[in-house]
Amino acid sequence: MEVALSLLGGLLLVAGAIFLLLGGLGLVRMPDVFNRIQAGTKATTLGTLLTLAGAACLQPAWGLKLLLIGLFILFTNPISSQVLARAAHRSGAEKSPLTAVDRLQDDQGEQP
Amino acid sequence: MVEVLVTLAALIVGAAFLLALYRFLKGPSVADRIVAFDVLTIIAVSGIIFTALAEGRGIYLDVALVYALLSFLGVIVVARYLDRGL
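Line by line, the protein sequences give chains A and B. For the first sequence, position 47 (counting from the first letter as 1) is numbered 47 according to my numbering, and the numbering increases by one without interruption. With positions in the second sequence counted from 1, the corresponding number in my numbering is that position plus 112.
Please keep in mind that the hints were generated in silico from the structure rather than gathered at the bench. Cβ coordinates follow ideal geometry from the N, Cα and C atoms, glycine included. Don't take every hint at face value.
Pairs of lysine-lysine residues, derived as DSS-like cross-links and limited to a Cα-Cα distance of at most 25 Å, are as follows [what the hints assert, rightly or not]: (1) A:Lys42 x A:Lys65; (2) A:Lys95 x B:Lys138; (3) A:Lys42 x A:Lys95; (4) B:Lys138 x A:Lys42.
Pairwise CB distance ranges (calculated) [said to hold, decoys possible]: (5) B:Met113 x A:Phe75: 47 to 57 Å; (6) A:Asp106 x B:Asp195: 29 to 39 Å; (7) A:Lys95 x B:Tyr193: 39 to 49 Å; (8) A:Lys42 x B:Arg192: 19 to 29 Å; (9) B:Pro140 x A:Ala100: 15 to 25 Å.
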């Protein structure tokens, strides 16, 4: 039981680390700011949560604090990514030529 | 066995940090750098968790919590500055 729990913890840590690596890779490979926000915040949120879960499996006594950190990251990461996307759009970040739809720009164009 | 997995995960997290650092240094726009900074802080929280596991001391978890709080505030402030000025 003890061994199985620690093995599960190690596997969760590796899975979370792989998600973090994919987030970093998307940050390098994606063509414009908005795609980078997508890759950079969603993948790293899941990666951090998996890492915290793995740490909780390895050290069950830390569970409460790890849960607190996980909840905090789960609540604040979407907020920061939304604020970043709005700031990038308003500061006129250049879009990828593949961008087909920009509803925010359409809405702003209709205003007097 | 578990130690090997933890070491492997820590190395992968280090590689992710380097990738995000590349985007942070290269830019090209300010928004790119802020996004990279956000990702760097999230990865750094995971790094602090790995430090806590390696040292076996729970006090590092408090450090991770405070770091997550302050980095969130920092990203919000810089994004607001980029948005409409302070």
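Hint check for Asp195 (chain B) and Asp106 (chain A) - Cβ pair distance inside 29 to 39 Å
violated, 20 Å
Below or equal to 25 Å on CA atoms is what counts here, so check Lys42 (chain A) against Lys95 (chain A).
Cα-Cα ~20 Å, so holds.
Pro140 (chain B) paired with Ala100 (chain A), Cβ distance criterion 15 to 25 Å
At 23 Å between Cβs, range holds.
Proposed proximity, Lys138 (chain B) with Lys95 (chain A) (alpha carbon, max 25 Å)
holds, 17 Å
Tell me if the beta carbons of Lys42 (chain A) and Arg192 (chain B) are separated by a distance inside 19 to 29 Å.
holds, 22 Å
Do the alpha carbons of Lys42 (chain A) and Lys65 (chain A) lie within 25 Å of each other, as the hint requires?
Measuring from Cα to Cα gives roughly 22 Å; hence the hint holds.
Holds or violated: the 39 to 49 Å window for the beta-carbon distance between Lys95 (chain A) and Tyr193 (chain B)?
Between Lys95 (chain A) and Tyr193 (chain B), where Cβ atoms are some 22 Å apart, the hint is violated.
Starting from Lys138 (chain B), check that the Cα of Lys42 (chain A) is at most 25 Å away, please.
holds, 22 Å
Please check whether Met113 (chain B) and Phe75 (chain A) have a Cβ separation lying inside 47 to 57 Å.
violated, 35 Å
In summary, the structure is inconsistent with hints 5, 6 and 7 from the numbered list given earlier, while agreeing with the others.
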